[in-house]
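Counting from 0, one number per residue, gives the positions in the sequence shown under numbering that gives the first Met the number 0.
No wet-lab data here; the hints were simulated from the structure. Some hints could be false.
Said to hold, decoys possible - When the alpha-carbon atoms are kept at most 20 Å apart in a straight line, the in silico EDC-like pairs for lysine to aspartate or glutamate are as follows:
{"no.": "1", "residue 1": "Lys257", "residue 2": "Glu6"}
{"no.": "2", "residue 1": "Lys315", "residue 2": "Glu6"}
{"no.": "3", "residue 1": "Lys32", "residue 2": "Glu167"}
{"no.": "4", "residue 1": "Lys315", "residue 2": "Glu167"}
{"no.": "5", "residue 1": "Lys187", "residue 2": "Asp206"}
{"no.": "6", "residue 1": "Lys37", "residue 2": "Asp130"}
{"no.": "7", "residue 1": "Lys32", "residue 2": "Glu6"}
{"no.": "8", "residue 1": "Lys317", "residue 2": "Asp148"}
{"no.": "9", "residue 1": "Lys170", "residue 2": "Asp206"}
{"no.": "10", "residue 1": "Lys37", "residue 2": "Glu167"}
Stated by the list, open to error - Simulated restraints on C-beta separations:
{"no.": "11", "residue 1": "Gly132", "residue 2": "Tyr161", "range": "29 to 37 Å"}
{"no.": "12", "residue 1": "Ile245", "residue 2": "Glu6", "range": "21 to 29 Å"}
{"no.": "13", "residue 1": "Ser17", "residue 2": "Asn261", "range": "38 to 46 Å"}
{"no.": "14", "residue 1": "Glu6", "residue 2": "Thr155", "range": "40 to 48 Å"}
{"no.": "15", "residue 1": "Ile75", "residue 2": "Trp255", "range": "41 to 49 Å"}
{"no.": "16", "residue 1": "Ile302", "residue 2": "Ser17", "range": "32 to 40 Å"}
{"no.": "17", "residue 1": "Asn97", "residue 2": "Lys55", "range": "14 to 22 Å"}
{"no.": "18", "residue 1": "Phe11", "residue 2": "Gly289", "range": "32 to 40 Å"}
{"no.": "19", "residue 1": "Ile75", "residue 2": "Ser193", "range": "36 to 44 Å"}
{"no.": "20", "residue 1": "Asn229", "residue 2": "Ser171", "range": "24 to 32 Å"}
{"no.": "21", "residue 1": "Gly49", "residue 2": "Glu140", "range": "38 to 46 Å"}
Glycine residues also receive a C-beta, built at the ideal position from the N, C-alpha and C atoms.
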Amino acid sequence: MTRIAPETISIFQNDQLSHSSSKVYSSVFPMTKESWYKLRLILKLVTTIGTGTGAKFLAEYQYLKNIILRTSDGEIICSTPAIGLYYFNFLMYGAGPNRTAFAAADGNYYAIVDIPFTLPFLARLEDTCLDSGRYSSIELEVQTGALTDLLTTVGTASVVPYLSAFIERSKSGYYDSGKPFGGYPVFKTLAPVSNTQGYIPFESSQDLVYFGFFIHGADSPTLGLAYSGNPSDAIIDGITFGDSMIKFISNAGLYWFKELRNKMANSDLTGILPYHFINQGSIFEAYRSGNVGEIRFEWLSSISGQLTPFVYGFRKFKRS
Numbered sequence: 000m001t002r003i004a005p006e007t008i009s010i011f012q013n014d015q016l017s018h019s020s021s022k023v024y025s026s027v028f029p030m031t032k033e034s035w036y037k038l039r040l041i042l043k044l045v046t047t048i049g050t051g052t053g054a055k056f057l058a059e060y061q062y063l064k065n066i067i068l069r070t071s072d073g074e075i076i077c078s079t080p081a082i083g084l085y086y087f088n089f090l091m092y093g094a095g096p097n098r099t100a101f102a103a104a105d106g107n108y109y110a111i112v113d114i115p116f117t118l119p120f121l122a123r124l125e126d127t128c129l130d131s132g133r134y135s136s137i138e139l140e141v142q143t144g145a146l147t148d149l150l151t152t153v154g155t156a157s158v159v160p161y162l163s164a165f166i167e168r169s170k171s172g173y174y175d176s177g178k179p180f181g182g183y184p185v186f187k188t189l190a191p192v193s194n195t196q197g198y199i200p201f202e203s204s205q206d207l208v209y210f211g212f213f214i215h216g217a218d219s220p221t222l223g224l225a226y227s228g229n230p231s232d233a234i235i236d237g238i239t240f241g242d243s244m245i246k247f248i249s250n251a252g253l254y255w256f257k258e259l260r261n262k263m264a265n266s267d268l269t270g271i272l273p274y275h276f277i278n279q280g281s282i283f284e285a286y287r288s289g290n291v292g293e294i295r296f297e298w299l300s301s302i303s304g305q306l307t308p309f310v311y312g313f314r315k316f317k318r319s
């Protein structure tokens, strides 16, 4: 890939969505061999509040229940609610995505949702760029929530959602010597679990390496609903992570994770417990998940609540 100035192109703007539905964009992306750095989604909520009350925490991100990005080879790059990407980008870039916080008032509210293909902790950004020349198509699926995901009391409130999409990409294709490192980045929210379970199993596969993960802890959740409840640091302590061969974390206290998240996010993101494998910028530092037995995140419980895991890593191409 030649290192020349990137360009930002509009894919679509202000496409109206429906509540509690799924919309698929399957033929809108130009597959013209450029390398993609980032897919940016912008949600706009045009709101007439009426008798609606009680805007929910990070409501504009809670509203997008799932974002799935898949290639024509069947590779799943992204599968997560928007709030997972909100926390991920906050940790990676030291600041939260731009947003107009949803309120119980008339107005237009915006939220930025980025799916990054270049990752700031890697010294060679080309390793994880999306090579659009590999595929015949890229498909985006967006699943929306209901008004109850925005407001505690809906009343006569009316909210009309719109979505826009932009790609930041190179203005040239890849040279063979500069192509990505044999795979594609993955971003995924795993199924939430009650903290009484005591552990979360992580996928183990020969074609998958982990760059890192974070755990979202919350009390008073809607059980089974990812990222629901009130973010809390009191859910777990005494944390261990590893496989049958090696432990990367051994009975670590909560303050170890709080210090790490403060350094990563420049903010105290209550309830977020991160762990990161890449420290020197090399993709070879990633945790190889194949042939290591069962991979588990374990803890000691403090109070009742729910944990939602988010993992990010890199997976080998399905075809060479």
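Q. Which of the stated hints cannot be reconciled with the structure, identified by number in ascending sequence?
A. Violated: hints 1, 2, 4, 8, 9, 12, 15, 19, 20, 21.
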